[in-house]
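J.: Sequence:
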Amino acid sequence: MKEEVKKIVLEANGFSSFNPVQSLAIKKGLFEGKNLLVCAPTASGKTLIAELAFINNFLKRKGKCLYIVPLKALANEKYKEFIDKYKDLGMKVGISTGDFDSSSPHLANKDLVILTSEKLDSLIRHKANWIAETSLLIIDEIHLINDLSRGATLEMVITLMNLLSKNLHFLGLSATIGNPEELASWLNAELILSDYRPIDLRKGVFLYDKIFFDDGKVEQIGEGLESIILDTINKQKQLLIFVNSRKSAESLAEKIANLLKEENPCFRASNQTM
Numbered sequence: 186m187k188e189e190v191k192k193i194v195l196e197a198n199g200f201s202s203f204n205p206v207q208s209l210a211i212k213k214g215l216f217e218g219k220n221l222l223v224c225a226p227t228a229s230g231k232t233l234i235a236e237l238a239f240i241n242n243f244l245k246r247k248g249k250c251l252y253i254v255p256l257k258a259l260a261n262e263k264y265k266e267f268i269d270k271y272k273d274l275g276m277k278v279g280i281s282t283g284d285f286d287s288s289s290p291h292l293a294n295k296d297l298v299i300l301t302s303e304k305l306d307s308l309i310r311h312k313a314n315w316i317a318e319t320s321l322l323i324i325d326e327i328h329l330i331n332d333l334s335r336g337a338t339l340e341m342v343i344t345l346m347n348l349l350s351k352n353l354h355f356l357g358l359s360a361t362i363g364n365p366e367e368l369a370s371w372l373n374a375e376l377i378l379s380d381y382r383p384i385d386l387r388k389g390v391f392l393y394d395k396i397f398f399d400d401g402k403v404e405q406i407g408e409g410l411e412s413i414i415l416d417t418i419n420k421q422k423q424l425l426i427f428v429n430s431r432k433s434a435e436s437l438a439e440k441i442a443n444l445l446k447e448e449n450p451c452f453r454a455s456n457q458t459m
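Take 186 as the starting number for the sequence shown in this note's numbering and just add one per residue.
The set of hints was computed from the structure by calculation and includes no laboratory data. There's no promise every hint is true.
In silico BS3-like cross-links for lysine-lysine, where the CA-CA straight-line distance does not exceed 25 angstroms [stated by the list, open to error]:
| no. | residue 1 | residue 2 |
| --- | --- | --- |
| 1 | K263 | K245 |
| 2 | K270 | K247 |
| 3 | K432 | K257 |
| 4 | K213 | K257 |
| 5 | K219 | K192 |
| 6 | K245 | K257 |
| 7 | K312 | K187 |
| 8 | K351 | K432 |
| 9 | K191 | K257 |
| 10 | K295 | K191 |
| 11 | K395 | K422 |
| 12 | K295 | K245 |
| 13 | K257 | K187 |
| 14 | K187 | K277 |
| 15 | K257 | K312 |
| 16 | K277 | K263 |
| 17 | K263 | K422 |
| 18 | K277 | K192 |
| 19 | K277 | K265 |
| 20 | K187 | K295 |
| 21 | K277 | K191 |
| 22 | K295 | K270 |
| 23 | K192 | K257 |
| 24 | K402 | K420 |
| 25 | K245 | K270 |
| 26 | K212 | K187 |
| 27 | K351 | K295 |
| 28 | K395 | K270 |
| 29 | K257 | K219 |
| 30 | K219 | K191 |
| 31 | K192 | K265 |
Okay, the calculated beta carbon distance ranges per label pair [said to hold, decoys possible]:
| no. | residue 1 | residue 2 | range |
| --- | --- | --- | --- |
| 32 | R246 | W371 | 23 to 31 angstroms |
| 33 | F398 | A360 | 37 to 45 angstroms |
| 34 | W371 | K212 | 21 to 29 angstroms |
| 35 | I384 | V428 | 21 to 29 angstroms |
| 36 | L424 | G199 | 39 to 47 angstroms |
| 37 | G336 | Y381 | 21 to 29 angstroms |
| 38 | G401 | E266 | 38 to 46 angstroms |
| 39 | A337 | S433 | 21 to 29 angstroms |
Keep in mind the model is a prediction, meaning the values are calculated, not measured. Glycine residues also receive a C-beta, built at the ideal position from the N, C-alpha and C atoms.
When you get a sec, could you build the whole thing from the sequences and use the hints?
T.: Given below as structure tokens:
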């Protein structure tokens, strides 16, 4: 069964082998149903670990898997992704992110349900009987348990799920956790810490029109954040910008969209036809 699960997941993702983080999760008891807390950098393959876990759970007919994500948009993304990858397995995938409170009986026959912690809290409070059938709880971005506004809900649903479902196993995933040992102890989980990155991370300081990297190299970019954005796009690379609020993110996204329209006529033309 273990080799079958490996083959299914590798083929679904277009890979021929597992990376160091995924191999370590397998070694630490992923297929044996052990609780695991995986703390590894972004893009290190943590989602594939989750896929190994819920496919193994499904094929062994252990019960239902609940996959907690922090955002509705991410839930929709995962829902479409998993259906596309595993539709031929016969696994029934469900999603529950709506604000309407109910026990969502239509999810009773689903093998994998993707939802937010707030939605799971609502389902528990409305006594959804099918919750007790859960055998695997995957928590993506589990570091949000330390978030002042949402952490209490996530902590509560984890605690309640442990009481409501017999023989429940946990898989926590995060790129950064401030207290990994303490959290792993609370979950009674094996801690997997890794600094593996598929692409090397370069660190530098942007000052005026240059980036001063910690390896001594200096790159001429131009003035302001706009120059970094355009330079990244011209190099066909990816850029992640952190801001401190949703409002700031929306404002910055609008500015970037306008910048791309101004600098790239092709983008402007294609955007107008949408």
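J.: Hint by hint, say whether it matches the structure.
T.: Against the structure, the hints:
no.: 1; hint: K263 - K245; in the structure: 22 angstroms, holds
no.: 2; hint: K270 - K247; in the structure: 21 angstroms, holds
no.: 3; hint: K432 - K257; in the structure: 17 angstroms, holds
no.: 4; hint: K213 - K257; in the structure: 31 angstroms, violated
no.: 5; hint: K219 - K192; in the structure: 21 angstroms, holds
no.: 6; hint: K245 - K257; in the structure: 29 angstroms, violated
no.: 7; hint: K312 - K187; in the structure: 34 angstroms, violated
no.: 8; hint: K351 - K432; in the structure: 42 angstroms, violated
no.: 9; hint: K191 - K257; in the structure: 29 angstroms, violated
no.: 10; hint: K295 - K191; in the structure: 22 angstroms, holds
no.: 11; hint: K395 - K422; in the structure: 18 angstroms, holds
no.: 12; hint: K295 - K245; in the structure: 15 angstroms, holds
no.: 13; hint: K257 - K187; in the structure: 32 angstroms, violated
no.: 14; hint: K187 - K277; in the structure: 21 angstroms, holds
no.: 15; hint: K257 - K312; in the structure: 22 angstroms, holds
no.: 16; hint: K277 - K263; in the structure: 14 angstroms, holds
no.: 17; hint: K263 - K422; in the structure: 23 angstroms, holds
no.: 18; hint: K277 - K192; in the structure: 20 angstroms, holds
no.: 19; hint: K277 - K265; in the structure: 12 angstroms, holds
no.: 20; hint: K187 - K295; in the structure: 22 angstroms, holds
no.: 21; hint: K277 - K191; in the structure: 20 angstroms, holds
no.: 22; hint: K295 - K270; in the structure: 16 angstroms, holds
no.: 23; hint: K192 - K257; in the structure: 30 angstroms, violated
no.: 24; hint: K402 - K420; in the structure: 17 angstroms, holds
no.: 25; hint: K245 - K270; in the structure: 19 angstroms, holds
no.: 26; hint: K212 - K187; in the structure: 12 angstroms, holds
no.: 27; hint: K351 - K295; in the structure: 18 angstroms, holds
no.: 28; hint: K395 - K270; in the structure: 43 angstroms, violated
no.: 29; hint: K257 - K219; in the structure: 28 angstroms, violated
no.: 30; hint: K219 - K191; in the structure: 17 angstroms, holds
no.: 31; hint: K192 - K265; in the structure: 21 angstroms, holds
no.: 32; hint: R246 - W371: 23 to 31 angstroms; in the structure: 29 angstroms, holds
no.: 33; hint: F398 - A360: 37 to 45 angstroms; in the structure: 22 angstroms, violated
no.: 34; hint: W371 - K212: 21 to 29 angstroms; in the structure: 23 angstroms, holds
no.: 35; hint: I384 - V428: 21 to 29 angstroms; in the structure: 23 angstroms, holds
no.: 36; hint: L424 - G199: 39 to 47 angstroms; in the structure: 25 angstroms, violated
no.: 37; hint: G336 - Y381: 21 to 29 angstroms; in the structure: 27 angstroms, holds
no.: 38; hint: G401 - E266: 38 to 46 angstroms; in the structure: 41 angstroms, holds
no.: 39; hint: A337 - S433: 21 to 29 angstroms; in the structure: 24 angstroms, holds
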